[in-house]
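K.L.:
Sequences listed follow chains W and F, in order.
In case it helps, my numbering puts the first sequence at residues 4 to 584.
In case it helps, my numbering puts the second sequence at residues 4 to 584.
These are computed hints drawn from the structure, not numbers from a lab.
There could be a bad hint or two in this list.
[Claimed, not checked] The calculated BS3-like cross-link candidates involving lysine-lysine, where the alpha carbons are at most 27 Å apart (straight line), are:
{"id": "1", "chain 1": "F", "residue 1": "105", "chain 2": "W", "residue 2": "188"}
{"id": "2", "chain 1": "W", "residue 1": "420", "chain 2": "W", "residue 2": "469"}
{"id": "3", "chain 1": "W", "residue 1": "469", "chain 2": "F", "residue 2": "105"}
{"id": "4", "chain 1": "W", "residue 1": "536", "chain 2": "W", "residue 2": "381"}
{"id": "5", "chain 1": "F", "residue 1": "536", "chain 2": "W", "residue 2": "211"}
{"id": "6", "chain 1": "F", "residue 1": "536", "chain 2": "F", "residue 2": "407"}
{"id": "7", "chain 1": "F", "residue 1": "319", "chain 2": "W", "residue 2": "515"}
{"id": "8", "chain 1": "W", "residue 1": "516", "chain 2": "F", "residue 2": "188"}
{"id": "9", "chain 1": "W", "residue 1": "516", "chain 2": "W", "residue 2": "480"}
{"id": "10", "chain 1": "W", "residue 1": "211", "chain 2": "F", "residue 2": "188"}
{"id": "11", "chain 1": "F", "residue 1": "105", "chain 2": "F", "residue 2": "515"}
{"id": "12", "chain 1": "F", "residue 1": "381", "chain 2": "F", "residue 2": "410"}
{"id": "13", "chain 1": "W", "residue 1": "211", "chain 2": "F", "residue 2": "410"}
{"id": "14", "chain 1": "W", "residue 1": "380", "chain 2": "W", "residue 2": "420"}
{"id": "15", "chain 1": "W", "residue 1": "319", "chain 2": "W", "residue 2": "299"}
{"id": "16", "chain 1": "W", "residue 1": "188", "chain 2": "F", "residue 2": "469"}
Quantities reported herein were computed from a predicted structural model and do not represent experimental measurements.
Letter by letter, the chains look like this.
Protein chains: 2
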Amino acid sequence: MVTFEEISPADFFYRNRDIAGFTNPVRAIFSALRELVENALDATDLSGVPSEVYIRLSHDNDTELGDDVYRLRIGDNGCGIPARHIPSAFGQVLFGSKYKLKQARGTFGLGGTMAILYGQITTHKPVNIVSSTGTSRIYKYALMIDIQRNRPLILDRTIQINKEQWHGTFIEFSLEGDYSRAMPKILEYLKQTALVTPYANITFVDPKGRLYKFTRVTTKTPPPPKETLPHPYGVDVETMQRLQRITDCQTMPDFMQKHFHRVGETISLSFLDFAGFIRTSDPKNLKGEDISRLVKAIKKNKKKGKNGFSHNLSVKEMQHFIRNTQSGNLVDFMKTHFKGVEKSVILRLLHAAGFIRTKAPRKLRSDEIVKLVRMMKKFDGFLPPDASCLSPLGEDLLKVGILKELKPEYIVVSQRKPSTYSGHPFIVETAIAYGGDIPAKDDILIYRFANRIPLLYDEASDICVKVIRSMNWRRYKVSPSMPIVILVHICSTKVPYKTVGKEFIADRPEVKKEVLNGLREVARQLQHFLTKKEYVARERRRLDVFSKYLPKIAKFSTNLAGKEKEPNIKVLLRSARKFED
Amino acid sequence: MVTFEEISPADFFYRNRDIAGFTNPVRAIFSALRELVENALDATDLSGVPSEVYIRLSHDNDTELGDDVYRLRIGDNGCGIPARHIPSAFGQVLFGSKYKLKQARGTFGLGGTMAILYGQITTHKPVNIVSSTGTSRIYKYALMIDIQRNRPLILDRTIQINKEQWHGTFIEFSLEGDYSRAMPKILEYLKQTALVTPYANITFVDPKGRLYKFTRVTTKTPPPPKETLPHPYGVDVETMQRLQRITDCQTMPDFMQKHFHRVGETISLSFLDFAGFIRTSDPKNLKGEDISRLVKAIKKNKKKGKNGFSHNLSVKEMQHFIRNTQSGNLVDFMKTHFKGVEKSVILRLLHAAGFIRTKAPRKLRSDEIVKLVRMMKKFDGFLPPDASCLSPLGEDLLKVGILKELKPEYIVVSQRKPSTYSGHPFIVETAIAYGGDIPAKDDILIYRFANRIPLLYDEASDICVKVIRSMNWRRYKVSPSMPIVILVHICSTKVPYKTVGKEFIADRPEVKKEVLNGLREVARQLQHFLTKKEYVARERRRLDVFSKYLPKIAKFSTNLAGKEKEPNIKVLLRSARKFED
């Protein structure tokens, strides 16, 4: 009857390749090239030298296989892959270096292996990999994938001496495809990649031997993206459990500060107090030495004066206070007796003086973990994520890239301030280019980028396109037939892609808002430009009429006045032209 | 520097839940409900009794957790799950019964577990499962998922006596969500599910205690979908290797017939000959007994007469032929000497008489497997996939479903003939409903279905919507403000979804063509209806004018003629109204 089975992740993606962007021979060759170019660029970003990416696509000479089989070779001067990881990095699905909270082009740890897997199932040939991290050795592998077990099969392995300390990776394999139909998308992809990576040299040799070179126009690279800690707002029970299992922190304040993004001592204490994870003694149970320690701590504290801590507080007074208090714990007691002092100051003071006790993180029960996570979402005292871990392109590089690839008459770019969704920081960059070499089409051209990769498919479902379509462009003097390119770049430690093939971005309200604001900004500037342009055109038309009739009028008036010498109309015309400057 | 790690499939989908349709609390509660309803309906389709699905969504009473936590309970009278598979079926990603070539609602073996996983990470509570396959026992489990290891954790297991031989499954778990915002989509989903499953009773109790009942209008169920073999056109090297590894066939013709869809003896031989996998002896090497066996086989064959096989062929004649032939193998020899006989007849004859030798499938080398697969794609003699394994709804059930849920004035439905893409059979059903209870909106309503599930998200990227938008509806007298619902249902052993969340269907040219033709068919019929309707409306207006003035004209004419009795105009009006019938 019904039979059950377990399949490996490699098997899953083998059976469902539509999901990863390998729908047909056209899409497959595009996706394979793209995934490997993105891995190459990620690797060069880490190596700190300006990117060199070499791509060669050629017909496979194996005549047995037929015309639609290609060999794809992609090389980079990136950081290379440590020898022991090479087999798994290319021969195992869901194995990778991309599972960190960090801005990267690849995000699923899947694309490169998927390309190789596709090559294998269509041609059954091994993939060849050459890589070095710049050590004294270069490693060469020939691999295949055991799809059912999701494990690499090493067919061959050789080691060479690396005299020149070369670092980088070369990958070469065969795959079925349809280059002639994929060509427009591939070239568009490379052009847009060059636009958004103006510090990279990209060379592409196509199957007909045509050479496409995208040369860098700057060696200035954006700062490399940094790894970051999870933000408390984005943490769920599973993440909390994993942290709790591996932490070596003994107290909750330490745990909070060590494992979460932008949580310092004050915030950790305020949060733990809010969440009910802090215990302090009943003041009545304090011993003599405790009380003098507390008084000493108060005296040392800088918060003094009226309603604050008193300079002259004596142990005796404190004992008196304690005897008469009705508070059952130290925090409340302090709050009642030093009204002008903020709670956070009290908490820090008590913590520093050793009056605050928390459970050891590793001893939290599972219901306490759930509660901790819930309270994290409710607490409003956490700082917003810091976007310094992000690496947007920046307005200058964006401008340079657009100028280089589109050669427009006018550009305006804008970088929004960092924002966040579900605890993930993100930055939106927008640009509009007008005129020059941009062709006037039926509709406005839209370039979409995420973490510096162009998105070329499923445009209609993308949040950026939805926002652009929802805007009233006539307000900005834009009409559909104008030669305009609108560009949106979203970078984040986690781009909310809707598909494994990285085709389009999900409808997150926070992202939507930023995209809209970014677009409005550039649209307004474009409007000024277009208004001025319109004015100039109008004035020029007026002046043309002027310069046509003025000589005749001058002559006629001279005759009429009975004079002989006509006035110098050149001076007049010159002054009228001044507005053009 | 760069660190590498392996993650489990559960971990992958935990980290990338946007991909599986669990983007935010609104989508999550929709997706969870939907995935489990679809599993329930799949299970009831297998049990052979009309479906009963019970859904209850209620606030979780656990006040610790807050208002946005719900308990979801879904039950069905389906085939149940064998006890030993229950933990993995619900507690392990990529474990399931859905990996067969068979039409099913669920296709990734992922949805149900993903819903449970989402519940676990947002509430950290176990899932409770009750199931029986109709045996003497009912099994109850409390489970959680070890996400990092992708394994179920069994917290509790009890067994009950099943006196009434109940079969089915109940699942209950807690999850975070936003029901009030998800409600419209959930109700729309249930309504469309009821439309496309008119043989199911679906009961939904929502968190406010409101009861929604979708009652079956028929007990006639479509035939249950059947499992099928892979079609040669859709086979790749990996599939071929797997078959080769497990087969017990000793010869290639047997192998082809046993493991592939619609491959019989004749086709298997023609193909293997085409692909170069058949060897026959050199006629010159035949021994005497071989020759008489061959002659006997020829005489037994029915293909006789002119240019065919001769009745009177003697062994002597044959020996003479063989002596003088230049052909190096038996097939060529036979082809040359019996010109009127088709090659396939010769192959079958030689095969039956034991003159054809092939390798044992298990001994094929890997390059031979690649060649076999390539030749399969090139051979044009395979039969198209048989769609009898599919279970479309059928025109009657579709009509009943639409009438029940939409109550239109007019319906037209159409079922296209089976077609195929990449070796997968599929059938497109289309319908248009007009008027009645259908509201007139700004735009035409589109209902999309695949394997009997409604698709409600990412409409703009769906192939059906693209086709509808590309059609010139004015030609069919349709204007956007008309009260119209257009419905497309695609069923296949493999629906080419673009996303794991089953939101929309990829752009396969074969599918596109069928959808277009199906829509044209129903659009043309709608056009006839609308034309007739227009005519009726026009005639009625004319008649209204008639019946208003006719009495006056009658009276006036009577006076004018000097008569007293007016003619009976009722008879006249009645005859004019006849066209309305």
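K.L.:
Next, verify each hint and record whether it holds.
P.N.:
Against the structure, the hints come out as follows:
no.: 1; hint: 105/F - 188/W; result: violated (35 Å)
no.: 2; hint: 420/W - 469/W; result: holds (21 Å)
no.: 3; hint: 469/W - 105/F; result: violated (36 Å)
no.: 4; hint: 536/W - 381/W; result: violated (52 Å)
no.: 5; hint: 536/F - 211/W; result: violated (60 Å)
no.: 6; hint: 536/F - 407/F; result: holds (23 Å)
no.: 7; hint: 319/F - 515/W; result: violated (88 Å)
no.: 8; hint: 516/W - 188/F; result: holds (23 Å)
no.: 9; hint: 516/W - 480/W; result: holds (22 Å)
no.: 10; hint: 211/W - 188/F; result: violated (51 Å)
no.: 11; hint: 105/F - 515/F; result: holds (21 Å)
no.: 12; hint: 381/F - 410/F; result: violated (49 Å)
no.: 13; hint: 211/W - 410/F; result: violated (60 Å)
no.: 14; hint: 380/W - 420/W; result: holds (23 Å)
no.: 15; hint: 319/W - 299/W; result: holds (13 Å)
no.: 16; hint: 188/W - 469/F; result: holds (20 Å)
Taken one by one, the earlier hints fail for this structure at numbers 1, 3, 4, 5, 7, 10, 12 and 13, listed in ascending order.
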